[in-house]
Amino acid sequence: MSRILSSLRYPLIQAPMAFAHDTELTLAVGKTGALGSLAGAMYDAAGLEKALARMKQEGGDRPYNLNFFAHRTPSADRTQYDAWFAVLRPYFKAYGLTENDIPSGGGRQPFDADALACVERYRPPVVSFHFGLPAPEYLQRVKATGAEVWSSATTVEEAVWLEQNGADVVIAQAWEAGGHRGWFLNRNPDSQSGLFALLPAVRKAVRLPVIAAGGVSDAAAVRAALGLGASAVQVGTAFLLADEALTKPAHRAAIQTARPEDTVVTNLFSGGAARGLYNRFIREAGPMNGAALPFPLAGAAVGALKAAAEKQGCYDFSPFWAGQNAGLCHPGSAAEIVERLCGGIER
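Here the sequence shown stands for residues 0 to 346, numbered as in numbering that gives the first Met the number 0.
Source of the hints: derived by calculation from the structure; they are not laboratory data.
Restraint-style ranges between C-beta atoms, simulated for each label pair:
#1 Ala-306 <-> Glu-119: 31 to 37 Å
#2 Arg-251 <-> Arg-279: 17 to 23 Å
#3 Leu-245 <-> Phe-84: 26 to 32 Å
#4 Arg-206 <-> Gln-311: 49 to 55 Å
#5 Glu-283 <-> Leu-245: 26 to 32 Å
#6 Tyr-121 <-> Leu-225: 27 to 33 Å
#7 Arg-186 <-> Glu-283: 21 to 27 Å
#8 Gly-226 <-> Asn-99: 51 to 57 Å
#9 Leu-225 <-> Asp-81: 49 to 55 Å
#10 Lys-55 <-> Ala-93: 42 to 48 Å
#11 Arg-140 <-> Ala-306: 35 to 41 Å
These figures come from a predicted structure and were not determined experimentally.
Backbone N, C-alpha and C fix where the C-beta goes; we use that ideal spot for every residue, glycine too.
Work out the full structure: start from the sequences and follow the hints.
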């Protein structure tokens, strides 16, 4: 059994959601006795250092989860870049942008030496990963700090791989989940399962504790997941409506009126498959566009377009991440959301 999961008052983890929150939400969730998470992938080295210093100063000994991406940075040739920009050119023209307005760099960074150094200095109780696990030498150094290593699996095959390669806890990320798919062995959508198919199958296949993630938006779903053997649940979309989150007003409003059929898995915003709410860009370019650069390279150009549109109050190119049960979520403080989800389910 996980010592961190056993220590929680509530069997609930706030999902790490890059750019949708900072340490304020993480700390607020931790104060309730649930587990707050921090999205390490959104910080550069200096920013991560500052965030972890605040967690240590204000969070004391309360546990938290520090999350990173474990992808391998891809490359793309000129032909691929030209094909992607051809998709975006009409939109760039409408906002007076050119290819020169696209920032350089590869976007979201994978777990690297700078991040590892921060982990070794601040020793977060949980270090979790999306897209598999980092290189073995990095993983061993993380574990040497005393941290539990958690990672997402979207299939039974991935869960077994994580167990065999050093994970301490598996997060079963179902097809309903909002945000980026954590898949890393099989990216075929036809192989993906809903939570109440995936969870019992993963529980049967591995000996590790399993956390249920995907479409958990109310107390009934929490109880159902625990009843199927989950050690805890991970919730993202509900916390996008927290007072302490950084979610934009337009995104908050869209979540509260969303139906399950209003979400779609798309690669348009980063090159990686992620579930969010339909918008004009997704409808016109198609949810899964073959010209999109591989994750995370596609995000640079779309980020420039998003920024230009938002300056004019337009969110046609903004990713409004959300799980399929987004419409069941309600606004409130982090403490109120935790109580709404887990009231009466204290350990």
